[in-house]
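Chemist: Sequence:
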Amino acid sequence: MSLYLELLEWPFSFPFRTLENEGEVIVPPHWHKEIEVILVTEGSVNIGYNQQLFQVHRGEVFVFGSGESHYFLASPGSHRYVFQFDLELFRETYLKGNQENELIHLFETRENHSRQWPSHVAERVVTYLRQLYDEMATQQVGYEFAVVGYLNQLIATYYRDIPEKAHVLTTGNFVEAVNHHETLERLNKIFNYIESHYMEGISLDDVAQAVGFSPYYFARFFKKNTGQTFMQFLNDYRISQAKYILSHKKIPMIEVAELSGFNSVKTFHHVFKEHVGLSPLKYQKTIFGNN
17 MSLYLELLEW PFSFPFRTLE NEGEVIVPPH WHKEIEVILV TEGSVNIGYN
67 QQLFQVHRGE VFVFGSGESH YFLASPGSHR YVFQFDLELF RETYLKGNQE
117 NELIHLFETR ENHSRQWPSH VAERVVTYLR QLYDEMATQQ VGYEFAVVGY
167 LNQLIATYYR DIPEKAHVLT TGNFVEAVNH HETLERLNKI FNYIESHYME
217 GISLDDVAQA VGFSPYYFAR FFKKNTGQTF MQFLNDYRIS QAKYILSHKK
267 IPMIEVAELS GFNSVKTFHH VFKEHVGLSP LKYQKTIFGN N
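Take 17 as the starting number for the sequence shown in our numbering and just add one per residue.
Treat each hint with caution, since some may be false.
As the list claims (entries may be wrong) - Here are the simulated DSSO-like cross-link-like pairs (lysine-lysine), alpha carbons at most 27 Å apart as the crow flies:
| # | residue 1 | residue 2 |
| --- | --- | --- |
| 1 | Lys301 | Lys289 |
| 2 | Lys181 | Lys49 |
| 3 | Lys301 | Lys266 |
| 4 | Lys265 | Lys289 |
The hints are simulated quantities; they were obtained by calculation from the structure and are not laboratory data.
Please model the complete structure; the sequences and the hints are all you need to start from.
Modeler: Take a look at the structure:
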């Protein structure tokens, strides 16, 4: 898989759609000219954007502007609503001259993550998104007008209340996606390797060799582009897999450890408790109780 331009298909008569995604699989680096808004409804979603990793928690929103490349790491146990819309939707009614470029610039320059917004603004945006989702789910008579109305309120909120980013990329929308092509290609290859081999005893040297890097260069490249060391990332990934297994199956801990990529129950127990704050068994009891 590689960084690709995603050409969206619209299921209805206007360029807006909603999707639901589970977090079990990696979504490779991609970009599209449409605006994309993520609302996390369960768990936490791991998002790659602007050469950084963001963990977006339940009830939080993350927004991608036109042409901004992004990807999703596997986030077992999570669930998200996805909203995608083309700014062409407003061409016939509101956009004049260069106003479409102005809207593109608006989404580029505002904070992407609702954690950086005033709490009352974040709550308002979540309300709009849930109303948008309900309108698309029920499709009652006149739902198209309701959808456009909520989108208008969303954009008005962006203009008035969403804070500007502290640092804005100067490369611009489509150019940014092209400039980071090679980096994202390499990251994608790394993520695919981890996804395929995390149950094995893989090391930094193994992954470095798989992507054609020296171990030293790989370690620097990985930390620079993910914000984590390779072992931190691998342990986080394995713990995410373990949490998913523990919340869906009742099997011996030795099997949970093996399926998550840990070579001993002792190591698994130590790393899990360090990350989660509970032992694997206590974590499972918070889900299933004592049954």
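Chemist: Would the hint linking Lys301 and Lys266 be met if the CA-CA limit is 27 Å?
Modeler: Holds. Lys301 to Lys266 sits at ~10 Å (cutoff 27 Å).
Chemist: Checking one constraint from the list: CA of Lys301 to CA of Lys289, max 27 Å. Satisfied?
Modeler: holds, 14 Å
Chemist: Given the hint that Lys265 pairs with Lys289, does the C-alpha gap stay at or below 27 Å?
Modeler: Holds, at roughly 19 Å.
Chemist: Decide if the proposed pair is consistent with the structure: Lys181 and Lys49, CA atoms, cutoff 27 Å inclusive.
Modeler: With a Cα-Cα distance of about 20 Å, the restraint between Lys181 and Lys49 holds, given a limit of 27 Å.
This entry satisfies every hint, going by the numbered hints stated previously.
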